[in-house]
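Colleague: On the provided structure of chain Y, position chain G as indicated by the hints.
Quick note, the sequences are listed as chains Y and G, same order.
Numbering-wise, the first sequence is residues 1 to 178 according to our numbering.
Numbering-wise, the second sequence is residues 179 to 679 according to our numbering.
Incorrect hints may appear among the rest.
With a cut-off of at most 30 Å between alpha-carbon atoms, the simulated BS3-like pairs for lysine-lysine come out as follows [as the list claims (entries may be wrong)]:
id, chain 1, residue 1, chain 2, residue 2
1, G, K676, Y, K76
2, G, K545, Y, K4
3, G, K242, Y, K2
4, Y, K2, G, K676
5, G, K545, Y, K76
6, G, K307, Y, K75
7, G, K663, Y, K4
8, Y, K75, G, K545
9, G, K665, Y, K4
10, Y, K4, G, K556
11, G, K499, Y, K2
Simulated restraints on C-beta separations [said to hold, decoys possible]:
id, chain 1, residue 1, chain 2, residue 2, range
12, G, K663, Y, M1, 27 to 37 Å
13, G, G512, Y, T72, 36 to 46 Å
14, G, G512, Y, P169, 45 to 55 Å
15, G, A581, Y, V27, 58 to 68 Å
16, G, S660, Y, F146, 38 to 48 Å
17, G, V513, Y, P169, 39 to 49 Å
18, G, E659, Y, P8, 18 to 28 Å
19, Y, A48, G, S660, 53 to 63 Å
20, G, N609, Y, M1, 58 to 68 Å
21, G, Q540, Y, F146, 31 to 41 Å
22, Y, T72, G, D354, 51 to 61 Å
23, Y, V97, G, E258, 57 to 67 Å
Since the hints were derived computationally from the structure, they do not count as laboratory data.
For glycine and all other residues, C-beta sits at the position ideal for the given N, C-alpha and C.
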Amino acid sequence: MKPKQFIPLIACVLAGVLWIFIGQNFVLQNVLGGLIAGGGMDLSLFLASASSPSFQALWFTSAAVTLIWLLTTTKKSPLNSAEVREMQPTWWICTTVLVLLGWFYQLFFTVLIWQISGVAPVEGINTNYFQVPPGGWITLLVVVIFDVGLLFWLPTMFASPKSYRLVVPGAMKFLGGR
Amino acid sequence: MNIFAIGIGGTGAKCTEALVHLHAAGLITDQGGKNVRLGTFLVEPDQQSTLLARTEIAIDRYSKVRDLIGNATESFAASEIDHYGSWSPLAGETPGVSLDQVFSKPVLRNEASGLAALFDCLYPPEEQKAELDVGFRGRPPIGSAVMSRISLDKAANSGAWKKLLGDIQTASGSGDPPIIHLFGSVFGGTGASGVPTLGGMLKSWLQQQGLSKVRVHASLLLPYFDFDGQGDQGTGVHAEARNFQLNTDAALQYLANNGKACFDQVYLVGSDIKARYDFSIGGRSQDNDAHIIELLATLGVRNGCRTPEGREYAYILSRSKEDQISWSDIPDSGVIGKGLARAARFAISWRKNYSLEVDAAQTTPVKTFASGAPWIRKYFSMTEESTSKSEGRPSIRGQDQLALKQAIDGYSATLIQWLRQFSRNTGLGFNQELFSEDQLNCEETYANELQRLVRGSAKPTLAEQNDTVDRIKVLMDELPESEIKYKGVEGLADSLWKLCI
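The following block holds chain Y by itself, in its conformation from the complex (with noise of 0.2 Å):
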């Protein structure tokens, strides 16, 4: 991997870092609070207990998903142009497997790893899943497509290596150029 690569790649991985551990949640309270928490759900709980293990368990599969992307590309050696493009397909799979896993971490760790388990998330409350309002529900689904943006789409923009290095997405609009 060339340094122009590399160093855009490392700074992917700490934005991703930081987004996911410490200021996502710092948006999601502040500014995205009102759309999730909706009629008194324990903001502060639901992200402690739900948003962040989900999002966590997303950027290590984003990660996981990334390093095969990057390692994968780095030993194959295409034989034409029609190869590399061959690869672009399973980009758009990998994108969408990584969307519905972060849907699904989202609804695992809201209500089914609650329904499962039988204990409600909130004390005092009947029903054991966090109610989230259909607005709160909307607004992470696209936080997660956001995520994967970040996750996967950008690192494997900048770092995809040698001959796939145009073959994401956006890559000849953003590095195509002379």
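Modeller: For chain G alone, kept in the frame of chain Y given last:
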């Protein structure tokens, strides 16, 4: 510096073919390492000869690349070539002419009966009656008789000879006097008779013209092949392998006595292990593969350009292993090995990858194509509909670009064919450690791996898994703009030439 190469007969044509490929690879240089200008001329009574046609194809294809590229490359196809055509010593004679018709035997019998008797004494009836359309049938006496009728003074007034001799005169006026290099076998018919005869004529003509600085060199090939099978009664007089040694002895005796009157420098090359060719009387059926000996004979031109006049040392060329030839057996092996390895790697990379990529780009939106081939942005316009230049880069769909691509395709195919022929045509129990024959094919299928193409010391010192066309593409993509002087197909070929080794 100017080199005028004259290939005489089938072997002479094959040596000229090898010379064209060495010249295209930039391996024929003067003492200062500068590329020379090569002029080629072929002398062959058998105008249907496949060997002649093959050499002319190689010359034409390289010339076409040169014409289309002009001076728009730094390294690739940078050596100039000019072909003066092929000439038959029987030009102007009726088809199927025989020796007795050439010398008008009935007239001779009437007007100089003594000469007619001498003619009968020198040439048996079957040689007198043999049709010479297919060459001199492996009989030097026939060739000598026909060749000695040539008058360069007359020839200098018309046709291909006029242009050739005119250019020799012009080139001799420059600071660096030209070299005339003749190629031919000493064991066949046309070469054995034509090389010393033409060499002597050229020396005399040069002296008459006051062009004593022009040197005449020759690469003479001693027996290096035998025939599988032989002619029958239907073929009439024909070349026979059993006569090769006799012809060679006679030619060497002649050279020992008269060589200095014909040549300033002589390179004698042969092989104790013989290649096997199917018997052919001549014409289209004479399709002998190229041979490493022809390459070695051609290296005499390189040596001649770099050896100062007056050096009269005898050099001996031999091989280190009895049953094998490797790069270390080739003179100046470091440079020649690298140069030929570069040419082979270029031809395979071009023909079996880059050319197919340019074809594929014709039917794919240019930016989509570039997303899988970043290197293409360095040489071609990224404007979709453009068929002209944009940002100084031509469209990959421009007709001029496609014409040049096809010209390079054609020359690459010819080069691969020549390399494959001499790689496989080694003779029984003898092998070469230069190229892998199985890697040298022109099939229009993609290839990526280059590591097995070149063998031995000329093989690039790269990790095997890294020696791919893809690696070259990545290097191209990383080239700074300052290192890409030319754009379009010419720039692409030039960069590939520089990076492929």
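Colleague: Hints first: check each against the structure and report whether it holds.
Modeller: Verification of the supplied hints:
Of the supplied pair hints, the one linking G/K676 and Y/K76 holds, its CA atoms being roughly 24 Å apart against a limit of 30 Å. Proximity of G/K545 to Y/K4 is assessed by CA-CA distance (about 22 Å); at most 30 Å being required, the pair is judged to hold. For the hint pairing G/K242 with Y/K2, the CA-to-CA distance comes to about 40 Å; that exceeds 30 Å, so the pair is violated. A C-alpha spacing of about 22 Å is found between Y/K2 and G/K676, which places the hinted pair at or below 30 Å, so the restraint holds.
About 22 Å separates the Cα atoms of G/K545 and Y/K76, which keeps this hinted pair within 30 Å; it holds. At roughly 71 Å between alpha-carbon atoms, G/K307 and Y/K75 are farther apart than 30 Å, so this suggested pair is violated. Pair hint G/K663 plus Y/K4 holds up; C-alpha atoms about 24 Å apart against a cutoff of 30 Å. Distance hint between Y/K75 and G/K545 is fulfilled; the C-alpha atoms sit about 25 Å from each other, no more than 30 Å.
Straight-line distance between C-alpha atoms of G/K665 and Y/K4 comes to about 25 Å, which keeps the hinted pair within the 30 Å bound. Of the supplied pair hints, the one linking Y/K4 and G/K556 holds, its CA atoms being roughly 18 Å apart against a limit of 30 Å. Taking the CA atoms of G/K499 and Y/K2, the gap is near 46 Å; set against the 30 Å cutoff, the hint is violated. The hint said 27 to 37 Å for the Cβ distance between G/K663 and Y/M1, and at roughly 29 Å that hint holds.
Take G/G512 and Y/T72: their Cβ atoms lie about 40 Å apart, and the range 36 to 46 Å holds. The supplied range of 45 to 55 Å is met by G/G512 and Y/P169, whose beta-carbon atoms lie about 48 Å from each other. At about 59 Å, the CB distance of G/A581 to Y/V27 agrees with the hint of 58 to 68 Å. Between G/S660 and Y/F146 the beta carbon distance is about 41 Å. The supplied range of 38 to 48 Å therefore holds.
At about 48 Å, the CB distance of G/V513 to Y/P169 agrees with the hint of 39 to 49 Å. As the Cβ distance of G/E659 to Y/P8 is approximately 21 Å, the hint placing it in 18 to 28 Å holds. Taking the beta carbon of each, Y/A48 and G/S660 are about 56 Å apart, inside 53 to 63 Å as hinted. Checked against the given bound of 58 to 68 Å, the beta carbons of G/N609 and Y/M1, roughly 43 Å apart, lie outside it.
Distance hint for G/Q540 and Y/F146: a CB-CB separation of about 40 Å, consistent with the stated range 31 to 41 Å. Separated by about 57 Å at the C-beta atoms, Y/T72 and G/D354 satisfy the suggested range of 51 to 61 Å. For the hinted restraint 57 to 67 Å between Y/V97 and G/E258, the CB-CB distance of approximately 59 Å keeps it satisfied.
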